[in-house]
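Work from the hints to combine the two standalone chains into their complex.
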Amino acid sequence: MPKEIPKNSVGIVEDKIQHFSQALTLVCGRELPEYDIAYETYGTLNATATNAVLICHALSGDHHAAGYHSMKDKKPGWWENCIGPNKPIDTNKFFVVCSNTLGHCKGSTGPASINPSTGKFYGPDFPIVTVKDWVNSQVRLSHALGIQQWAAIIGGSLGGMQVLQWAIDYPDYLKHAVIIAAAPKLSAQNIAFNEVARQAILSDPDFYEGHYYQHGVVPKRGLMLARMLGHITYLSDDSMRSKFGRELRQGKINYSYEVEFQVESYLRYQGQSFVDRFDANSYLLMTKALDYFDPASDYQDNLATALAKASADFLLISFTSDWRFSPERSQEILQALIANNQNVSYLAVEATQGHDAFLMPLPQYIKAFTHYMQRIAQQIGD
Amino acid sequence: MVNNGLRIDFEKIIQWIPPQSRVLDLGCGDGQLLAKLQQQKRVTGYGLEINPDKVVESIDTGINVIHMDLDNLQLSLGQFLDQSFDYVIMSQTLQATYHPADLLEEIVRIGKTGIVTFPNFGYWPNRFQLFFQGKMPISKALPYQWYNTPNIHLCTFKDFEILCQSKNIQILDRTVVDFAHRKTITFMPNLFGEIVLYQIKSIQ
Numbered sequence: 001m002p003k004e005i006p007k008n009s010v011g012i013v014e015d016k017i018q019h020f021s022q023a024l025t026l027v028c029g030r031e032l033p034e035y036d037i038a039y040e041t042y043g044t045l046n047a048t049a050t051n052a053v054l055i056c057h058a059l060s061g062d063h064h065a066a067g068y069h070s071m072k073d074k075k076p077g078w079w080e081n082c083i084g085p086n087k088p089i090d091t092n093k094f095f096v097v098c099s100n101t102l103g104h105c106k107g108s109t110g111p112a113s114i115n116p117s118t119g120k121f122y123g124p125d126f127p128i129v130t131v132k133d134w135v136n137s138q139v140r141l142s143h144a145l146g147i148q149q150w151a152a153i154i155g156g157s158l159g160g161m162q163v164l165q166w167a168i169d170y171p172d173y174l175k176h177a178v179i180i181a182a183a184p185k186l187s188a189q190n191i192a193f194n195e196v197a198r199q200a201i202l203s204d205p206d207f208y209e210g211h212y213y214q215h216g217v218v219p220k221r222g223l224m225l226a227r228m229l230g231h232i233t234y235l236s237d238d239s240m241r242s243k244f245g246r247e248l249r250q251g252k253i254n255y256s257y258e259v260e261f262q263v264e265s266y267l268r269y270q271g272q273s274f275v276d277r278f279d280a281n282s283y284l285l286m287t288k289a290l291d292y293f294d295p296a297s298d299y300q301d302n303l304a305t306a307l308a309k310a311s312a313d314f315l316l317i318s319f320t321s322d323w324r325f326s327p328e329r330s331q332e333i334l335q336a337l338i339a340n341n342q343n344v345s346y347l348a349v350e351a352t353q354g355h356d357a358f359l360m361p362l363p364q365y366i367k368a369f370t371h372y373m374q375r376i377a378q379q380i381g382d
Numbered sequence: 001m002v003n004n005g006l007r008i009d010f011e012k013i014i015q016w017i018p019p020q021s022r023v024l025d026l027g028c029g030d031g032q033l034l035a036k037l038q039q040q041k042r043v044t045g046y047g048l049e050i051n052p053d054k055v056v057e058s059i060d061t062g063i064n065v066i067h068m069d070l071d072n073l074q075l076s077l078g079q080f081l082d083q084s085f086d087y088v089i090m091s092q093t094l095q096a097t098y099h100p101a102d103l104l105e106e107i108v109r110i111g112k113t114g115i116v117t118f119p120n121f122g123y124w125p126n127r128f129q130l131f132f133q134g135k136m137p138i139s140k141a142l143p144y145q146w147y148n149t150p151n152i153h154l155c156t157f158k159d160f161e162i163l164c165q166s167k168n169i170q171i172l173d174r175t176v177v178d179f180a181h182r183k184t185i186t187f188m189p190n191l192f193g194e195i196v197l198y199q200i201k202s203i204q
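Read top to bottom, the protein sequences are chains A and B.
First residue of the first sequence? That's 1 in the working numbering, and the numbers climb one at a time after it.
First residue of the second sequence? That's 1 in the working numbering, and the numbers climb one at a time after it.
If you are wondering where the hints come from, they were derived from the structure by calculation, not from laboratory data.
Cβ coordinates follow ideal geometry from the N, Cα and C atoms, glycine included.
Here are the simulated DSS-like pairs of lysine-lysine, each with C-alpha atoms no more than 27 angstroms apart in a straight line:
1. 367(A) - 7(A)
2. 367(A) - 54(B)
3. 158(B) - 12(B)
4. 54(B) - 175(A)
5. 367(A) - 36(B)
6. 175(A) - 36(B)
7. 54(B) - 12(B)
8. 220(A) - 120(A)
9. 175(A) - 132(A)
10. 175(A) - 41(B)
Calculated Cβ distances over 12 angstroms to all of chain B for the following chain A residues:
11. 81
12. 85
13. 116
14. 149
15. 214
16. 238
17. 270
For the chain A half of the interface with chain B, some residues (derived, Cβ under 10 angstroms), not all of them:
18. 347
19. 350
20. 369
Here chain B stands alone, though its shape is the one from the complex (with noise of 0.2 angstroms):
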């Protein structure tokens, strides 16, 4: 949904996942990163994308790519059963569904653990984008105006964990990183990581 060249966060979710596990892509985009971990994991699975031309690239990659709305859950998501995957992966998608909340508890339900990136809305440039100059902040990972970005449900990383909280979700990992330094940013990361990754899990 949100294609911002570069895919950072690909490199570190290709690390994070062992060979041969099986793998639901939420928001599979163009099908890139799935079709790096069949050729570099062997991994097995389905890409869920909603855009018919991305789904035409999918395609053209050798991916299996499942044309589905996933705002739609009951229709979308519903049908996957509980803990059927060992990853479910949301790469940069989640700012840009309806019901997040939603969404991240079945993504938990339907992976044993869940890969969620997204870009981390107190990034220290929105910050001052915001604060000094008063208006919306535009970045390589956040590249839209108001009225015309996808990213309708934009967040920091301290909500998201407060929404795992509440959501009885357990964080077993988070990594911050930035686009221009491609690393990992561990001093005051929800002030200076641009895009946020993290694996998550159900407390059952």
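Looking at chain A on its own, in the form it has when it is part of the complex (with noise of 0.2 angstroms):
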């Protein structure tokens, strides 16, 4: 908790709620046939809604990017480290809005809202959800709150996917799209992560079959596991071995069970505070939004033909020790965008930190982003 708020941050904020009562047609086939959209916004709109910076959050993120709800938070929003007064994000020169996706559990309508036609939870029946929803919605937001065009959409991780289906399907509302340590679908081993996470929820005894509400329970351990394997594909061998080492709590081994590395006690206290902040129904249907994510498939499985339409200026940054989405990930996005004769800048930051440097305050990913970003406010300013 913060005894001041940091000059350099956006200080106290407050989320709101968007309702929309037009329903919204699903790529799944289904509809919801009214829904909300939790957001937050820092810094101010100009008279000509020409500053607007969409944040599109990952996995485990939501639309808390940045400052504090109020003295008592133990931590600012998730991209504290890039939102803020004269940070790269910088909220003097941008209106910064950070939805949350459709079908989260942090106020946007998700498995976790009571259905208005039954008047029970959705809880599975919660239709699933896909990238391409999340930007639809996005897009009715943009409208209601008067923005016609961003001056840029800005991801990382899951989020940075946001950004190239944004650019994809609404080429015309973005002028630039800064997609940081993503790709452009999962591989087979991102997906068989993300199904041993989805095994451990769903084989939790307290799961309930996604009725676990009724219960009064949550499935604790599931969820738990679920983020502890998700946490492990965060960081990098160096990053742990840096850390924690083979670190044990008490000095010694004990010949038990109980936590005796450190690193296991990371592992369960990540696993533990996650149960607390998010829905289990919510962390299946957001790594399926992630498993069924591919923009090529609907164009011959030629992601340069998807992106043939863009009319974005990318900004492209990986990181080298990122083994979840590699370099070699962005740079199927760069080679896409080359062949269509696109206007990119890529990067491949050097760090340690493993997919999670996308959140952290690297110097030269900073400067980067700063310097990119600074451009895009120039440009607003002619």
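Here you go:
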């Protein structure tokens, strides 16, 4: 909890809810008759509405991207390192919007919401939503906020995938696409990790086929395991070695199955704290959205064809030790853009932190990101 | 890759390139050349650079810069189509690559015209240092010690022209300049020229 709010923070923020009463037809064929989208905003929209930037969050993120909800908050929003006054996404220049994805559990309609037609929790009956559906719902939010075109849409990991989908589906809606530590689709290995995470949840006796709300329990063990597994894929071998090594909590081996190594303690803590803030059904849904993401599949599996109509300028950033979405995955997007002669810059940041690096204040990354955002700010100024 | 501050070769290259050309700059460094070409000649295209800190500087200039290792030809230049750029530039980078001959072929494959510049190892002070002092030459164009130089494939321009001939590469123009006088050298250029600039193309 901050004693005082740092000067380069957006400070105390509050979340907002936008209700949509017009039905949204989803890729799976079903429709949501009405829904809410939760979002936060930082900075001020200019008179011509040309300085708006949309942030797309990743798997375990949400719309609370920067600042604090109260002085009691232990931590600021998930991208505090990059959003704020004089930070890469400079709130002195940009009006920043971060929306909560549909199907999530932090304010947007999702499995833990009440289905208005039954008066009960949606639970497992909540339709499967895809990245394309998220983008469609964000387009409606853009209209509700009076934004015809985003100066930039920015996201890391699953957030970067949403940016890619935006650039393909709504070329006129964004001037710049900033895609960080992402991939144009998941690999078999990525899907495999997601499947183990889902099995951990689905096989938890407290899951009750997704109807655990009625039983007054949550599938804690499953969700915790899913998060522990996911977390390993966010770190690198090097970063785990330097953070924990083989350090023991009590300084000696106890020959038991209790927590002995620091890394075990860390993973359990990450898992447990995730259970307190995330809904298992939402997690299942989000991992499915990841697995299904493959925008090239609508274009004969040719990403260049998919991107042919995109008119945004692109910035792609990857991190050398990221093995979840390695630099080679970003380069697949790069190659498609080059094949189309599109405007793109690309940097593979030297980093030891693995996939998590995209959340960290690494000097080379922050500098590149800042330079690019300044370029965008100048274009708005022109 | 090799920054000598003055970059008289840039001025010449900017003169050579017609407005609105499509340009690929191999080893674009801090992006100054491409940025100037963008401002003065409204060119489009990409700069490729291996050093991430230089990539960051290039982003600041407003160019399209791509972080790429030119020595991995298949992954880097392999993805660019034949004759897809009006000009492919390699300014003072060729001598610092592992496979300069292969790169040269790629330059004339991708570019309708290639522009290649490099420090002429036949420049007389280089010959002087080697001949009379018996030491590897050090100059403004070659400011490194033998053990820390990135310039691993130095040549004279005679050497370069022999390579071009063997690769069926036509030389369209050759200009030889020096740093100190910032002028074009015409008299015994392989002896008096410090930096050499070529325009080349593939003979089909």
